[in-house]
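Colleague: Take a look at the letters that make up each chain.
There are 2 protein chains.
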Amino acid sequence: MKSYQLSYKLGLKNDFKRIKEGKTELLVPSVSLSEKVPPKNPAFFNPSAKWNRDVSVLIYKTYASFSKNARTFADSICGVGARGLRTAVEVPKIDTVYLNDLNPIAIELAKESAKLNEIENKCVFDINEVCKFLNFEQRDVRKFDIVDLDPFGSPSPYVDCVLRSVNNHGLISITATDTAVLCGVYPNVCYRKYYGFPIRTDYCNEIGIRLLVSFIALNASRFDLSVIPYFCHNNLHYMRVYLKVVFGNSLANSVSSKIGHLKHCRNCNHRKVENLKEHNVLCEICNSKCILAGPLWIENLFDFEFVKETLNVLEKDEYLSSSETNYKRLLRMMQICKNELAYPFYFETDSIASKAKKSSISLDKVINSLIENGFKASKTIMNDKGFKTNASSNDIINALYK
Amino acid sequence: MKSYQLSYKLGLKNDFKRIKEGKTELLVPSVSLSEKVPPKNPAFFNPSAKWNRDVSVLIYKTYASFSKNARTFADSICGVGARGLRTAVEVPKIDTVYLNDLNPIAIELAKESAKLNEIENKCVFDINEVCKFLNFEQRDVRKFDIVDLDPFGSPSPYVDCVLRSVNNHGLISITATDTAVLCGVYPNVCYRKYYGFPIRTDYCNEIGIRLLVSFIALNASRFDLSVIPYFCHNNLHYMRVYLKVVFGNSLANSVSSKIGHLKHCRNCNHRKVENLKEHNVLCEICNSKCILAGPLWIENLFDFEFVKETLNVLEKDEYLSSSETNYKRLLRMMQICKNELAYPFYFETDSIASKAKKSSISLDKVINSLIENGFKASKTIMNDKGFKTNASSNDIINALYK
Chain D
29 MKSYQLSYKL
39 GLKNDFKRIK
49 EGKTELLVPS
59 VSLSEKVPPK
69 NPAFFNPSAK
79 WNRDVSVLIY
89 KTYASFSKNA
99 RTFADSICGV
109 GARGLRTAVE
119 VPKIDTVYLN
129 DLNPIAIELA
139 KESAKLNEIE
149 NKCVFDINEV
159 CKFLNFEQRD
169 VRKFDIVDLD
179 PFGSPSPYVD
189 CVLRSVNNHG
199 LISITATDTA
209 VLCGVYPNVC
219 YRKYYGFPIR
229 TDYCNEIGIR
239 LLVSFIALNA
249 SRFDLSVIPY
259 FCHNNLHYMR
269 VYLKVVFGNS
279 LANSVSSKIG
289 HLKHCRNCNH
299 RKVENLKEHN
309 VLCEICNSKC
319 ILAGPLWIEN
329 LFDFEFVKET
339 LNVLEKDEYL
349 SSSETNYKRL
359 LRMMQICKNE
369 LAYPFYFETD
379 SIASKAKKSS
389 ISLDKVINSL
399 IENGFKASKT
409 IMNDKGFKTN
419 ASSNDIINAL
429 YK
Chain R
29 MKSYQLSYKL
39 GLKNDFKRIK
49 EGKTELLVPS
59 VSLSEKVPPK
69 NPAFFNPSAK
79 WNRDVSVLIY
89 KTYASFSKNA
99 RTFADSICGV
109 GARGLRTAVE
119 VPKIDTVYLN
129 DLNPIAIELA
139 KESAKLNEIE
149 NKCVFDINEV
159 CKFLNFEQRD
169 VRKFDIVDLD
179 PFGSPSPYVD
189 CVLRSVNNHG
199 LISITATDTA
209 VLCGVYPNVC
219 YRKYYGFPIR
229 TDYCNEIGIR
239 LLVSFIALNA
249 SRFDLSVIPY
259 FCHNNLHYMR
269 VYLKVVFGNS
279 LANSVSSKIG
289 HLKHCRNCNH
299 RKVENLKEHN
309 VLCEICNSKC
319 ILAGPLWIEN
329 LFDFEFVKET
339 LNVLEKDEYL
349 SSSETNYKRL
359 LRMMQICKNE
369 LAYPFYFETD
379 SIASKAKKSS
389 ISLDKVINSL
399 IENGFKASKT
409 IMNDKGFKTN
419 ASSNDIINAL
429 YK
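Chains D and R, in that order, give the protein sequences. Residue numbers for the first sequence follow our numbering, so the first one is 29 and each next one is one higher. Residue numbers for the second sequence follow our numbering, so the first one is 29 and each next one is one higher.
These are computed hints drawn from the structure, not numbers from a lab. Watch out, some of these pointers could steer you wrong.
Which copy? The list can't say, so a pair holds if one copy fits it or any two copies do.
To be verified - Taking lysine-lysine and the DSS-like style, the derived pairs with C-alpha atoms no more than 30 Å apart in a straight line are:
#	residue 1	residue 2
1	Lys68	Lys171
2	Lys78	Lys305
3	Lys160	Lys150
4	Lys45	Lys336
5	Lys404	Lys68
6	Lys366	Lys404
7	Lys356	Lys344
8	Lys300	Lys286
9	Lys48	Lys336
10	Lys366	Lys317
11	Lys366	Lys272
12	Lys430	Lys386
13	Lys385	Lys356
14	Lys68	Lys300
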């Protein structure tokens, strides 16, 4: 179908373009390709979220490679359907993709794109409010194997609807774009949306992801559900978490042991997981008064078996991505992730240098120096200049600069 | 209609009885009047919750006396409809009562009772899962002025549905019957259901109510809503809170200032509101290691203007209750409540005596002694032997026994 025909069909004076992302044909509003910030009208499509969708396809494909139940996928706020359609085309094990959006033009575009990819028989479309779509579209309970939630702004008001809609051992993927809130710019807003306090630090993005995960875990636990992170990542504009959901109240009872606080010293850069039962506001190292982040997730953000499996999936299909650049980027990210130490915070080379009043040292050199000094150290996917280690901030400065 | 006719109509071998509670006729299963624990089948009716319903009628009537929007009431898990029907009959300002239960026999009984009271035209019936009833029964949004939630066990999984269903400046009433969880017997279960830790103390019921309120407040805040308690009470078998719901994100942002922790010393009985930013695990008085409850609601549990208004409503109608005994009990409770100090915990005469290794002193004498010694002191509706005061546990023992 040519673009002017579609414009005519939709009764609008908008132009649409046909593009290819990954292995998937997509009809998108021309304006979304030309404007700096893609507009909501006539329908939302964010071309710069291509990387985000490449990661999604990798994660869903990996999940489908071992899960017995990876047949249905719900793209609950799908816009023009980019993620859902790519999943339908590029993750063949999934046999039904549900695409929902409140905007009928977006759904009309998604339908046309489904035809272009010859996957109409795999797709079910809905025009509905997200919670109605997820929980109440049908009189009987309808649950999905994979559910994605990617709203404008905070996912906080919809997280319960996602959790109510997923099968046992299913996968949920949730995006938060209110990164300023989660990174500590508006702590009171963060508390009311994510039930924990953030702090503005050089590793605030990891704290933000941990707040998002604990918030989802707390919503799950009141439904007798537990979440277990498969993978989490972020960039400037969003944080995104992929979580396994497991049914059962005895596992859910353990949620309190997976949520805690981080203590941070603004004076000497010291940071540690803090047990409130033993809490001391003073820094163990320099005796300054510390600040506290949390409650937040203090367990792993990655399932290392799962991460290894993503590398197997990548090795088998070098076209699993929208470009060679992104394929290499996926490989690099997952290789770093595979070796990332499980400490719940990282240090950053520039901050350490600034604290030591010395010039910055390259990440590889920092990690080697720490290992030579008998510490554990690894890169982190959270920050290009970040590293995880069991060395304290003082240990690090001593190892690097003294 | 005679009871055998109804049994015949329902196609069951059950007997039903017609009783009167307050000003309202109710058809109830005979077995619910004879068994110690009223059974769920053929339909649930708890005769011993009469007091609870008397309080409800008083609160709803008071709310209706000043609110411009007190026209609709939703009894979301109504059983045979006792609370909803009493509200329809005894709170005339409410013009529509929605009664919902999953059990069709319960709804059939509620319908027959509505006829007996000649209020069929005020009643709308539904047989549905509670969240579907509250949020999705109609395609368009339907919100209520007053919503009641009184489930078997914990209200935790349904609280979001209640909050989604209430009008701005509306009233929600929520019952929790999992009092062992909220009072500290199962702290990990409490954390996953109410997002805070309880502690087993002589004032654990007040801590439980404060955990319940903060949990509801946190659910509200992610929808840009705030809750403000009108009234809360409890007995052995339940805790019950009546909260005003206000729309708007700027008020919602202040939720973090209304939620905090309580620090309790098992050694000397000292207790205080603890700011985590200044937290010290050691007791200010005896230097023992303390325990921590929370996060929980540290603001008022009562709106004192509202409580005064309940007394006005009671004065105007001496039949506002199911019995003279309960009328007097309501009066007494609200008079105590009107004068109750707003500290977030109370002391108990027996515990103080036991700590002092002396014999117990009557509540009135305790309060008089404290006031004579220059402290503030009041009774509390939370406990017949309880008192609130700005005196510390040591001050109290000194004032009473030294």
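Colleague: Next step is simple, just say for each hint if it's right about the structure.
Modeller: Going through the hints against the structure:
| no. | hint | verdict |
| --- | --- | --- |
| 1 | Lys68 x Lys171 | both (29 Å within a copy, 28 Å between copies) |
| 2 | Lys78 x Lys305 | neither (45 Å within a copy, 42 Å between copies) |
| 3 | Lys160 x Lys150 | both (21 Å within a copy, 28 Å between copies) |
| 4 | Lys45 x Lys336 | neither (37 Å within a copy, 66 Å between copies) |
| 5 | Lys404 x Lys68 | neither (47 Å within a copy, 59 Å between copies) |
| 6 | Lys366 x Lys404 | within (15 Å within a copy, 61 Å between copies) |
| 7 | Lys356 x Lys344 | within (14 Å within a copy, 78 Å between copies) |
| 8 | Lys300 x Lys286 | both (15 Å within a copy, 27 Å between copies) |
| 9 | Lys48 x Lys336 | within (29 Å within a copy, 68 Å between copies) |
| 10 | Lys366 x Lys317 | neither (36 Å within a copy, 41 Å between copies) |
| 11 | Lys366 x Lys272 | within (18 Å within a copy, 50 Å between copies) |
| 12 | Lys430 x Lys386 | within (11 Å within a copy, 64 Å between copies) |
| 13 | Lys385 x Lys356 | neither (36 Å within a copy, 74 Å between copies) |
| 14 | Lys68 x Lys300 | neither (42 Å within a copy, 51 Å between copies) |
When the structure is compared with the earlier hints, violations turn up for hints 2, 4, 5, 10, 13 and 14 and for no others.
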